[in-house]
Amino acid sequence: MINLSSVLEVAIATHPGMVRSHNEDSIAADAEIGLAVLADGMGGYNAGEVASGIAVELIRTEMKKSLSNKNPEEINGQDAERLIETHATRANTAIYQASQSQPQYSGMGTTLVVALWHDNQISVGHIGDSRLYRLRGGALEQITRDHSLLQEQIDSGMITKEQARHSQNKNLVTRAVGIDPEVETEIHTYSVQPGDVYLLCSDGLSDMVTDEDVQLTLSSLAANLPLAAEQLVQLANDNGGRDNVSVILVRIAKDYPARAGMLDKVKAWFKWKAGIPPWRS
Amino acid sequence: MEGGDTTMAKLILSLEGSVIREIPLDKERITIGRRPQNDIQIENLAVSGEHACIVTILNDSFLEDLGSTNGTLVNGNPIKKHILQNNDVVEIGKYKMKYVVEAAAAGQAAQDDFERTMVMKSSPGKPTAPKPAAAPTSPPTNAPRPSAAAPLTSPSKPAAPLTSPPRPAAPAAAAQKPAAAEAQPLAALQLLTGPNAGKEIDLVKNLTTLGKPGVQVAVITRRPQGYFITHVEGAVFPVLNGKAIDAQARQLNDHDVIELAGVKMEFFLKR
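Protein sequences appear in the order of chains A and B. Note that the working numbering has the first sequence beginning at 5, numbered continuously upward. Note that the working numbering has the second sequence beginning at 48, numbered continuously upward.
Bear in mind the hints are in silico, worked out from the structure with no lab data behind them. The beta carbon of each residue, even a glycine, is placed where N, CA and C say it ideally should be. Please note that the accuracy of each hint is not assured.
[As the list claims (entries may be wrong)] Derived lysine-lysine pairs resembling PhoX-like cross-links, with alpha carbons at most 20 Å apart:
id : chain 1 : residue 1 : chain 2 : residue 2
1  : B       : LYS317    : B       : LYS259
2  : A       : LYS165    : B       : LYS127
3  : B       : LYS259    : A       : LYS165
[Stated by the list, open to error] Just some of the chain B residues that point at chain A, by a computed CB distance under 7 Å:
id : residue
4  : MET165
5  : MET167
6  : GLN231
7  : LEU233
Taking the hints into account, I'd like the entire structure generated from these sequences.
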């Protein structure tokens, strides 16, 4: 059974912000299976929160089903990426079908960022402009790259990161879950170190709080993760809180290799060396 | 994805204080220069043949100097490339062009919609129109309209009246504005006991941690409403004016005394 709750410390916070009347973000985290999901919904009336809610709830329950009967050594980077891909695709289909069949949900969609921790690694999938950051050794790094007009302009050299701060086109994403029958999830796997702090957030945080303040908050308050999460939301709201703001923080308390698998391999190797071939042990 | 009203931007061209004309930025690319093929032709020797151009993509207009001899100024500063902000003043030679953004529909509602996240179809590298996903979005007006091609040989024509006053500053990039906390008076802590007694710590950051990691740590946050102290870690909570605080943040007043990890310190406002 996978149980990472002793190695992953998790805190979450979400807030409608100072301007919006309701919260279209949805978040979920499950330390046991090493999962964090965040979605920022879009669409008229309540459709945005319906879309983000479907994405988060579907991925959370399906991941739990897929992972809870597995042993840690059964999940490698490829498996994790496949799981993210599969469930993000299902979420896309579910939202797309709902929006096609019910007029009040027409055109709804959501961004998505999904992180899965396994065997001293993290696999992350994302669609849109919700982000994953990592604090390591006091330095903050943005791990995901937005699927947005602004990021395309930065990538093509049209504008610099500094100029991007002045852009009026912050709110245009080039990819979202549930808009089209199919969606491509960008997925990568990275190695993890004890002490790393991971931050999943909606653009309500990244647009309102500078990277410097995020870095300062995470490095100063890593010992009290719920306070750090609350502090980030508060910073966004103190700066105007123009959008819903959501954060998930995950701190890696210690190593979490897929122990059994490694140990067995090493044992088998020693036995072989000692003259006992593995097929006889 | 709610219908973001497309904003319309324009330039108000003037010379020595008198308005010559308004130029709507209704094409993806508008060129400025002395030669006749420019969209905005300015027949003045201080202006280069191809002086500058403005590329408009949805809500952003990018001004770029095309290597002109005498340069392009925005609000008095020379630029090579610049994202125009509402009420920017572009100077080319003696000519001034004020950049004005008008929302198609004014008011908070439009502004709110304007900031909502929308999806647009991506075609790698070359952004196109936003996808009218939920509510119909008016498409960006990038169809070239006949305009702005008349040469400006006699710039002393009477000023055309402005059709509408410039809109107050757009809800620009929020993150660029420093935390509202900067309006706070500067505050500091003076250590009253311990080996560093007498030392002052200026609270210049939005967040200042105090104490010994792993033993007892508290944080002082600087917010628009003032300064607050919160317990971060350790079994013992900070003592404020002789009383231990709980897990909640507590606002600090001038001359409050904090006791933390065996050290007393006084919070005070600097004036």
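Legend entry - Interface hint status, LEU233(B) versus chain A (Cβ within 7 Å): violated, 17 Å
Legend entry - Straight-line alpha-carbon gap LYS259(B) to LYS165(A), limit 20 Å: With a Cα-Cα distance of about 37 Å, the restraint between LYS259(B) and LYS165(A) is violated, given a limit of 20 Å.
Legend entry - Residue hint MET167(B), partner chain A, criterion CB-CB below 7 Å: holds, 5 Å
Inset, instruction - Please work out if LYS165(A) and LYS127(B) have their alpha carbons no farther apart than 20 Å. - result: holds, 16 Å
Legend entry - Restraint check, 7 Å cut-off on beta carbons, for MET165(B) near chain A: This hint holds: MET165(B) lies near chain A, its Cβ roughly 6 Å from the closest one there, short of 7 Å.
Legend entry - Pair hint LYS317(B) and LYS259(B), alpha-carbon separation not exceeding 20 Å: Roughly 26 Å between the alpha carbons, so the hint for LYS317(B) and LYS259(B) is violated.
Legend entry - GLN231(B) as chain A interface residue, shortest Cβ-Cβ below 7 Å: It is violated, given that the least Cβ distance between GLN231(B) and chain A is near 11 Å, above 7 Å.
The structure fails to meet hints 1, 3, 6, 7 from the earlier list, while all remaining hints are met.
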